[in-house]
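Here is how the chains run, residue by residue.
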Amino acid sequence: MTHTFFLGTSLAILLAVVISLYRVVMGPSIIDRIIAVNVIGTKTIAVIVLTGYLFERVEFFIDIAFLYALINFIGALAFSRYFEEKGVEHTGPTR
Amino acid sequence: MTFVAGGLVCAGVFFLLTGAIGLIRFPDFYTRMHAAGKCDTLGSLLVLIGLASHQGLDLASVKLVVIALFIFFTSPTATHAIARAAHRNRLPMWTHKDSA
Chain U
8 MTHTFFLGTS
18 LAILLAVVIS
28 LYRVVMGPSI
38 IDRIIAVNVI
48 GTKTIAVIVL
58 TGYLFERVEF
68 FIDIAFLYAL
78 INFIGALAFS
88 RYFEEKGVEH
98 TGPTR
Chain W
-9 MTFVAGGLVC
1 AGVFFLLTGA
11 IGLIRFPDFY
21 TRMHAAGKCD
31 TLGSLLVLIG
41 LASHQGLDLA
51 SVKLVVIALF
61 IFFTSPTATH
71 AIARAAHRNR
81 LPMWTHKDSA
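Top line first, the protein sequences correspond to chains U and W.
In terms of our numbering, the first sequence opens at residue 8 and continues consecutively.
In terms of our numbering, the second sequence opens at residue -9 and continues consecutively.
Incorrect hints may have been included.
[Stated by the list, open to error] Just a sample of chain W residues kept apart from chain U, beta carbon distances all over 10 Å, derived:
(1) V(-6)
(2) S43
(3) L47
(4) H86
[Stated by the list, open to error] With a straight-line Cα cutoff of 20 Å, these simulated EDC-like cross-link-like pairs (lysine to aspartate or glutamate) come out:
(5) W/K28 x W/D18
(6) W/K53 x U/D70
(7) W/K87 x W/D18
(8) W/K53 x U/E66
(9) W/K53 x U/E63
Calculated directly from the structure, the hints in this document are not laboratory data.
Ideal placement from N, C-alpha and C gives every residue a C-beta, glycine not left out.
Model the full structure from these sequences, guided by the hints.
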């Protein structure tokens, strides 16, 4: 019962990841792609912890999730700083 | 699996899904960031707190609460940094004439 619940929850979050992936591919500017990748990374932390519950190795997977949170934060800051200095192209509609 | 843990995790998944739908449906970058930043923070927070309450009080649940606190502080910071990069580069905003 609990196993099925965690499996369904993981699949629902993966559906949200697939929906967000549309913005990564189609986003008009580079900033849209950065925010979509940041959102996917935050969802991935929850999926990693749920995977730990599915395989019954929670203590092991929680450390991986914490490292992933650190790398996601540093990556978002680095990308935003880099494109703040470099400039962002914006042509065409905002959608 | 208590009802509290299941309810918290289901609420978190609801917020994650609505955030993803807002990310593809809103018309310009700033409104998309409004959907992405807040829904994502609250959704991950609810999922992690729900799993911690499912776990009971031990080292794993303390680590889950630490991850939740870390996301609570860093996700708005990252969103703010990205929004500042967009604002400094004069990314165009959605106006009424675009809706026609």
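For each hint, the structure was consulted:
1. Look at W/V(-6): its CB is around 14 Å from the nearest CB on chain U, clear of 10 Å, so calling it non-interface holds up.
2. No beta-carbon of chain U is positioned within 10 Å of the beta-carbon of W/S43; the least distance is around 13 Å.
3. Against chain U, the non-interface label of W/L47 holds: every CB pair exceeds 10 Å, the least being about 14 Å.
4. Remark: the non-interface label on W/H86 is consistent with the geometry, its nearest Cβ contact in chain U lying 13 Å away (cut-off 10 Å).
5. This hinted pair checks out: W/K28 and W/D18 have alpha carbons roughly 16 Å apart, not beyond 20 Å.
6. A distance of roughly 8 Å separates the Cα atoms of W/K53 and U/D70; the hinted pair therefore holds under the 20 Å criterion.
7. Restraint check for W/K87 and W/D18: the C-alpha separation of about 13 Å stays at or below 20 Å, so the hint holds.
8. About 9 Å separates the Cα atoms of W/K53 and U/E66, which keeps this hinted pair within 20 Å; it holds.
9. Proposed proximity of W/K53 and U/E63 is supported: the alpha carbons are some 16 Å apart, at most 20 Å.
Comparing the model with each numbered hint stated earlier shows that all of them hold.
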